[in-house]
Amino acid sequence: MIRRCLASLGALAAVMAVVSLASVHAGGQAPTAAATTQSAAAKTWTSPRTPWGDPDLQAVWTYEGATPLQRPKEFAGREFLTDAEVTQRTQAENEKLAKNLAGADGRPPLKESTLERGALNSFWLESGSAKKVSRRTSLIVGPDGRIPYTSGMLKRAAAQEEVHAGRYPTPFFHQTWLEFDTEERCLTHGVPGAMLAGAGEGPNQILQSPGYVVILQESFVDRRTIPTDGRPHGNIRSWRGDSVGRWEGDTLVVETINFADKSHYRWAGGILWRMATQTLRFVERFTRVDADTLDYQFTLEDPARFTRPWTAVVPLTKLSVALLESGCHEGNYASINTLSGVRNLEKAAAEAAKKEKERSR
Amino acid sequence: MKTKVAALVVGVGMLLAAAPLWAHHAFAAEFDSNKPVMLRGTITKVEWINPHSWVHINVKEPDGKVTSWMVEGGPPNALFRRGFTKEAMPVGAEIVVEGYQAIDGAKRANGRDITFADGRKLFLGSSGPGAPDDGKDPSKK
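Residue numbers (this note's numbering), protein chains in the order written: chain A, 4 to 364; chain B, 10 to 150.
Do not take every clue at face value.
Only pairs whose alpha carbons sit at most 25 Å apart, straight line, appear in this in silico DSS-like list of lysine-lysine [stated by the list, open to error]:
| # | chain 1 | residue 1 | chain 2 | residue 2 |
| --- | --- | --- | --- | --- |
| 1 | A | K350 | B | K44 |
| 2 | A | K158 | A | K76 |
| 3 | B | K116 | B | K69 |
| 4 | B | K44 | A | K357 |
| 5 | A | K76 | A | K135 |
| 6 | B | K95 | B | K116 |
| 7 | B | K116 | B | K44 |
| 8 | A | K135 | A | K102 |
| 9 | B | K69 | B | K44 |
| 10 | A | K350 | A | K360 |
| 11 | B | K54 | B | K116 |
| 12 | B | K44 | A | K358 |
| 13 | B | K74 | B | K44 |
| 14 | B | K44 | A | K102 |
| 15 | A | K350 | B | K116 |
Here are a few chain A residues that face chain B, going by a calculated C-beta distance under 10 Å [stated by the list, open to error]:
| # | residue |
| --- | --- |
| 16 | D147 |
| 17 | F183 |
| 18 | C189 |
| 19 | R269 |
| 20 | E328 |
| 21 | E333 |
Keep in mind the hints are simulated off the structure, nothing from the lab. Only a predicted model underlies this, so the values are computations on that prediction, with no experimental measurement involved. Cβ atoms here follow ideal geometry from the backbone N, Cα and C, with glycine treated the same way.
Just need the whole structure built from these sequences, with the hints factored in.
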């Protein structure tokens, strides 16, 4: 039958255990080697300039790394991997790629499935090459390497993990389409996290003109227009906030405030941190460190959600592709299917409750 | 091989190995992890639409009755970058789908894996350095 290699899939569990440490949230990727490598590269590489003299960041960028956003418990207190761990992770990523390329042959039978159910269609999204391994144990820098959520946010994150684990909560949400998450509604990827978009969401393209930087995000035809001409922030709140940029040497620094607090992440637990609240101050630093690598650093400061500001360092890779059209709603069957699914869950729950009531009489 | 529809209702022990790579919508609200299905059928239509592609197949059940299923696939842009074209999954091709059925009981599934019935892999030869327009081919830079 189709699966021949499955006998050896006991080994897969071990591989997946390792891989799970490496796999990230939203298509993440690869801190090449953060600060050390970047500083070394910077010594031998000169950032190109636009005709009007700004550092030239214009390209299509994506994150292709194996480093997770948050530090796995196994690496608590440790910001970098050892040489042996780098080798092990590289092997694991290569094996994972080989298994994915083998399709069903490389996967365990459904009965033994270790599919991450939250990762819809992950089979389709493999980039075709192994994720890049860096020395970092997490994209988030510092001794902790974790998102410093407030206790209220930790509760929300835990509830969302339940949904990802296939335990849909009661009372049910998804009562109406208005309760769908921001991305389910095809509204926007949001600003925080957009640069980490992976194969499913499509890459980002940076365009520049005198006094402006524009960032296009493929998945929701999102765009950010960032003035760099010294103007102050405005006073209108919006989904994408109000970004103002400036150049510090070869680095573009962008500060975004005035988010509208409309973004909604009810179940998408891994990206809860992307919520754009009115109290969020989001600062990004873009530095091209070689022809194909953009060092992207971001800091989120939001006392409503985090106990302190936190920073992540993300090496983005240049792609030689063009952005494609992405009409998110053209076939968003999930809207109808989800509402239908939830009505079905409600019906089943009501019947179960009725039976229980009759039994207890 | 015999054509068959195996509706495998099993308790699936999930490890939840990793955080989601990408999920445009909530799996738990739409598909039933307790209803894994294996379908062998003939492609009747492929919808190359956002945010997910959908593959329509006709499945011949053991009693000879033909049932139409639709199977959710990856986003078209991602598939394109993996080297997929409309010729990659032609109408009439026989495929085997493993996935999870919709909660509402419709003949609709999330496609976990798809393989051609003759054993060919969907991603055959399209991966690794040199994959069409994946940005990895140094000669294209």
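Hints versus structure:
A C-alpha spacing of about 17 Å is found between K350/A and K44/B, which places the hinted pair at or below 25 Å, so the restraint holds. Between K158/A and K76/A, the direct Cα distance comes to roughly 19 Å. Compliance with the 25 Å bound is thereby established for this hinted pair. A distance of roughly 13 Å separates the Cα atoms of K116/B and K69/B; the hinted pair therefore holds under the 25 Å criterion. Pair hint K44/B plus K357/A holds up; C-alpha atoms about 24 Å apart against a cutoff of 25 Å.
Only pairs whose Cα atoms come within 25 Å are accepted, and K76/A paired with K135/A is accepted, the gap being roughly 21 Å. Distance restraint check for K95/B and K116/B: the Cα-Cα separation of roughly 24 Å lies within the 25 Å cut-off, and the hinted pair is therefore satisfied. The hinted pair formed by K116/B and K44/B meets the criterion: a straight-line CA distance of about 12 Å does not exceed 25 Å. For a cut-off of 25 Å, the pair hint linking K135/A to K102/A stands: about 17 Å separates their Cα positions.
About 19 Å separates the Cα atoms of K69/B and K44/B, which keeps this hinted pair within 25 Å; it holds. For the hint pairing K350/A with K360/A, the CA-to-CA distance comes to about 15 Å; that is within 25 Å, so the pair holds. In summary, the hint linking K54/B to K116/B is supported, as the alpha carbons are separated by about 15 Å, within the 25 Å threshold. Restraint check: the Cα-Cα separation between K44/B and K358/A comes to about 23 Å, which is no more than 25 Å; the hinted pair holds.
For the hint pairing K74/B with K44/B, the CA-to-CA distance comes to about 21 Å; that is within 25 Å, so the pair holds. Straight-line distance between C-alpha atoms of K44/B and K102/A comes to about 24 Å, which keeps the hinted pair within the 25 Å bound. A hinted pair counts as satisfied when its Cα atoms are at most 25 Å apart, and K350/A with K116/B qualifies at roughly 19 Å. With a cut of 10 Å, the hint placing D147/A at the interface with chain B is violated, because the nearest CB-to-CB distance is about 18 Å.
For F183/A, the interface hint holds, since its Cβ comes within 10 Å of a Cβ in chain B; the closest pair sits about 8 Å apart. The restraint placing C189/A at the interface with chain B holds, with a minimum CB-CB distance near 7 Å, inside the 10 Å limit. Interface hint at R269/A: satisfied, since its Cβ lies 8 Å from the closest Cβ of chain B, which is below the 10 Å cut-off. Satisfaction of the interface hint for E328/A is found here, the shortest Cβ-Cβ separation to chain B being roughly 8 Å, below the 10 Å cut-off.
A least Cβ separation of about 5 Å between E333/A and chain B falls short of the 10 Å threshold, and the interface hint therefore holds.
When each numbered hint is compared with the structure, a violation occurs for hint 16 only.
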